[in-house]
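Q: So the chains spell out like this:
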Amino acid sequence: MDTREWFAEQVKQYEAGMYRLAMSILYHEEDARDAAQEAICIAYQKIDTLRDKERFRPWIMRILANECYRILRQKKRVIVTEEWDDKTTGIWEMPDQGLLQAVRMLSEEMRAVVILFYYEGFSIKEIAGILKLSEGNVKTRLFRARKHLKEILLEDE
Amino acid sequence: MNDRLDESLRKMAQADMDYVPQSFSDRIDQVLQELPQKRKKVFFPVKAAGIAAAVIGFLVLLPNLSMETAYAMSHIPVIGHFFEAVTFRSYEEQSEKKDITIQIPEIIGEDDTEGAQQVNAQVESYINELMQEFHEDMQEDNYLDVHVGYEVVTNTEKWFTLDVKAEIIMASYSNVRKYYHIYVPTGQVMELSDLFLEGFDYRQAISAEIKEQMIANMEKNPDLEYWLDGENIDEDFELIEENHNFYFNEDGKLVIPFDKYEVGPGSIGNQEFVLESAIIYDNLQYQP
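Here the protein sequences line up with chains A and B, keeping their order. What the first sequence shows, in this note's numbering, is residues -15 to 141, in sequence order. What the second sequence shows, in this note's numbering, is residues 138 to 425, in sequence order.
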């Protein structure tokens, strides 16, 4: 299997995770597609720098997160900060069941941490690396997110 | 208590673990399908280019052009004391979906032509390699613009530098540059690693200045972003290559160019840094 085939296989394997992460940060379907496209291009260009091929998943997730934050920063500069509300400006289509429904109601800073922890199964340390946060910050966000999720889910019952 | 909550949240996550909208999945498939074969310099994302048969034709056509034709087509655009560049071979093809122009340069020297011959051989093999790789990426019936050309960026008493440019326009635009140098007083071919006094860590010194300039540029322009965070990011810019591209500009300053995706996201395109640090110039073995 050549590099290109191997790379494509890896990306397809983690496609659902890439979608969730991009949406958790961007809350916008079209932006998520653009971020994923750019992240794939960057990752392919830089694939030789990935020393441990076993670490492909956290590596591409970090590149994707970088790309999402770049798009987000650009959007926030265009839309006045006080008016910024991704839930009213964005679109996140999803099925009517599962945890995603509740995650969607969280703020952006909690969403990405929740996705990476509960869906992708990354450790606190790995999440810190992907989102470029301190481990303490990840724990704080996760703590807050648990509290909110519990409230949202109890309300639903 | 957290453990129990975590466990039930993970269970809930299982319900939509595989959910991906078709539109997202389709885009991923499209991008993956259009990735070129891995090469030293990647053009992408390749919106699957051109017509394979046409490129095979053009690969055959190029070497068949006679010397007379080549020189008849050539212009002599360069004023120089010792060296000049002419178009040795060229190829053009225009159609509804294609716009291809290829110019292969040749350097001609008045006196010692050994360096010129070496560069000519290198340029020809580089362009052939580009074309070969490009051909491998071709898929049928898509739009394609390819322009391979050249420019003499430095032509002084001391330096003759030829910039071979490959512009590929498919899904996005990419512009790959490669610079060739002849040190005019000796007629020798030069690379970045030849420029400095022995023992001087030029890669470190140049990279340090580039990083400083990147930080300053980002402060000035919030839309600009380089990969420079240094937080476990494999793709961050650390050190220039041993024989990284360079040229001397008209002010005699050393310029370090980067192709798209080398130091930042695609949106910043190609980048160039004009070096100012005295220590770099103090350690130059061959002056501009």
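Hints listed in this document are in silico derivations from the structure and should not be mistaken for laboratory results. Predicted model only: the values in this text are computed from it and were never measured. There could be a bad hint or two in this list.
As the list claims (entries may be wrong) - Label-pair distances were calculated between CB atoms; the ranges are: (1) Ser107(A) to Leu412(B): 34 to 44 Å; (2) Gln259(B) to Ser91(A): 26 to 36 Å; (3) Thr(-13)(A) to Ala345(B): 30 to 40 Å; (4) Lys116(A) to Glu294(B): 42 to 52 Å; (5) Leu138(A) to Ala345(B): 52 to 62 Å; (6) Glu(-7)(A) to Glu409(B): 35 to 45 Å; (7) Ser91(A) to Ser162(B): 23 to 33 Å; (8) Asp155(B) to Arg39(A): 37 to 47 Å; (9) Asn386(B) to Arg88(A): 49 to 59 Å; (10) Leu138(A) to Asp373(B): 38 to 48 Å.
Glycine included, each C-beta is placed from N, C-alpha and C at the ideal position.
Q: So which of the earlier hints does this model not fit?
A: 2 and 8
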